[in-house]
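If you read the protein sequences in the order shown, they are chains A and B. First residue of the first sequence? That's 1 in my numbering, and the numbers climb one at a time after it. First residue of the second sequence? That's 234 in my numbering, and the numbers climb one at a time after it.
Mixed in with the good hints, there may be bad ones.
Claimed, not checked - Examples of chain B residues lying across from chain A (beta carbon under 7 Å, computed):
id : residue
1  : His257
2  : Ser354
3  : Ala357
What the hints assert, rightly or not - Derived lysine to aspartate or glutamate pairs resembling DMTMM-like cross-links, with alpha carbons at most 20 Å apart:
id : chain 1 : residue 1 : chain 2 : residue 2
4  : A       : Lys45     : A       : Glu26
5  : A       : Lys174    : A       : Glu160
6  : A       : Lys171    : B       : Glu269
7  : A       : Lys171    : A       : Glu188
8  : A       : Lys24     : B       : Asp334
9  : B       : Lys289    : B       : Glu269
To be verified - Where chain B lies over chain A, by a calculated footprint (3+ residues, C-beta under 8 Å):
id : stretch
10 : 10 to 16
11 : 95 to 108
FYI, nobody ran anything at the bench for these hints, they're computed from the structure. Idealized CB from N, CA, C, for every residue including glycine.
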Amino acid sequence: MKLRILLADDHEIVRRGLCALLQKHEGWEVCGEASDGREAVEMAKSLKPDVVIVDIGMPYLNGLDTTRQLLQHDPHFKVIVLTITDSDQVIREALDAGARGFVLKSDAARDLVSAVEALQSKRMFFTPRVNDLVLAGFLDKGHAISRNEPPNLPTLTVREREVTQLLAEGKSSKEVASLLNLSTKTVETHRSNIMRKLSLHSIRDLVVYAIKNNIIQIQMPPQIQRPSETTVA
Amino acid sequence: MMQTSSLREHNQLMAVRILLVDDHPIVRQGLRTLLEGRSGWEVVGEASDGLEALDKIDALQPDVVVLDVTMPRMNGLEACRLIQRRQKPAGLEVLFVTQHDSPQMMREALDAGARGYVVKSNAARDLLEAVEAVSQHRVFTALARSPQASC
């Protein structure tokens with residue numbers, strides 16, 4: 001019986017690369033591809049894959065909240081998080097969300113097969129940096145990573161996090177309502193609750209909060225260097 | 234017989250040698266999978282940053298360089314400018330495939346000498362058309378929200 005893998009990444013070109021990599025492995029099959037977190041959750045519920053690989057920076061529902069929703073639905077889902085950064089905060093959130101594997105996108109061609117193999121053998125797979133941070137947690141309680149650790153930030157509900165992401169992506173309350181099958185009034189209530197809980201005063205503040213807390217990700221352009229400043233090597 | 238030889242000649246005319254430049258091997262794999270599906274096109278090499286790309290261009294003489302913007306050591310814009318200034322072999326064209334979905338970045342890319350600009354989120358939709366256009370020295374640009382690409 002083949003190991004069934006669900007891929008979730010908003011870039012088709014990345015999914016193609018991941019598929020090509022995973023399908024070289026005899027005994028594995030990519031049973032589905034999702035282009036955002038909401039689609040991934042729905043597909044996982046119907047396809048019941050053995051492993052779900054989720055990109056962190058996806059529209060509508062990011063990879064961390066996708067992981068939370070998947071495990072809330074079925075704690076047996078095995079999730080590998082793909083990320084462009086292994087900052088302390090992202091590591092903490094991925095572990096807290098319940099990810100069993102953590103792979104840097106830049107290293108996916110090297111590490112992803114090992115990560116899936118690890119999960120297949122009921123082990124976990126983390127980058128060396130995650131391992132160091134977890135180890136530091138045992139050695140130094142001040143830097144402990146614990147799922148019981150009180151969160152640094154006010155707790156938003158799953159629904160509030162979804163609404164936060166969609167608002168931060170620039171959607172109106174009406175659009176959010178349509179996407180989540182809610183009434184506009186309910187979305188407005190969520191929005192008020194979010195702003196109150198987080199002590200935010202504007203959508204701009206909400207966007208900044210969402211970026212700082214990895215709810216949405218942005219890629220900064222390189223510093224533009226004018227031709228006259230370019231050094232010819 | 235005549236038809237076969239014409240077809241061969243046509244395919245040779247359409248042959249395109251491509252260099253892929255992106256710091257994520259998994260993205261390069263995805264691009265390769267897509268491009269190698271086109272008869273006559275060949276991915277002749279890969280590079281993971283701008284500096285490596287400059288070396289590979291010298292060694293491999295590609296027709297089209299598919300270039301990411303944000304990369305370590307040397308970003309794509311710098312590499313593109315150097316390609317134009319230092320060593321651009323006759324016929325070589327640069328096509329950016331990048332995550333930056335902004336008119337400003339697209340303008341920077343074209344000013345740097347690129348012939349094409351495609352956003353990564355739409356690469357699966359736009360890449361083949363873009364490579365075909367730039368390999369024939371036509372401009373191809375498409376931002377993610379473009380209703381359609383412009384050539």
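So, going through the hints one by one against the coordinates:
1. His257: holds (5 Å)
2. Ser354: Holds - the Cβ of serine 354/B comes within 7 Å of chain A, reaching about 6 Å at its closest.
3. Ala357: holds (4 Å)
4. Lys45/A x Glu26/A: Violated: lysine 45/A and glutamate 26/A sit about 25 Å apart, past 20 Å.
5. Lys174/A x Glu160/A: holds (15 Å)
6. Lys171/A x Glu269/B: Roughly 38 Å separates the two Cα atoms, so the pair is violated.
7. Lys171/A x Glu188/A: At roughly 12 Å apart (the allowed maximum being 20 Å), glutamate 188/A and lysine 171/A satisfy the hint.
8. Lys24/A x Asp334/B: violated (32 Å)
9. Lys289/B x Glu269/B: holds (19 Å)
10. 10 to 16: Per the Cβ count (7), the hint holds.
11. 95 to 108: holds (count 3)
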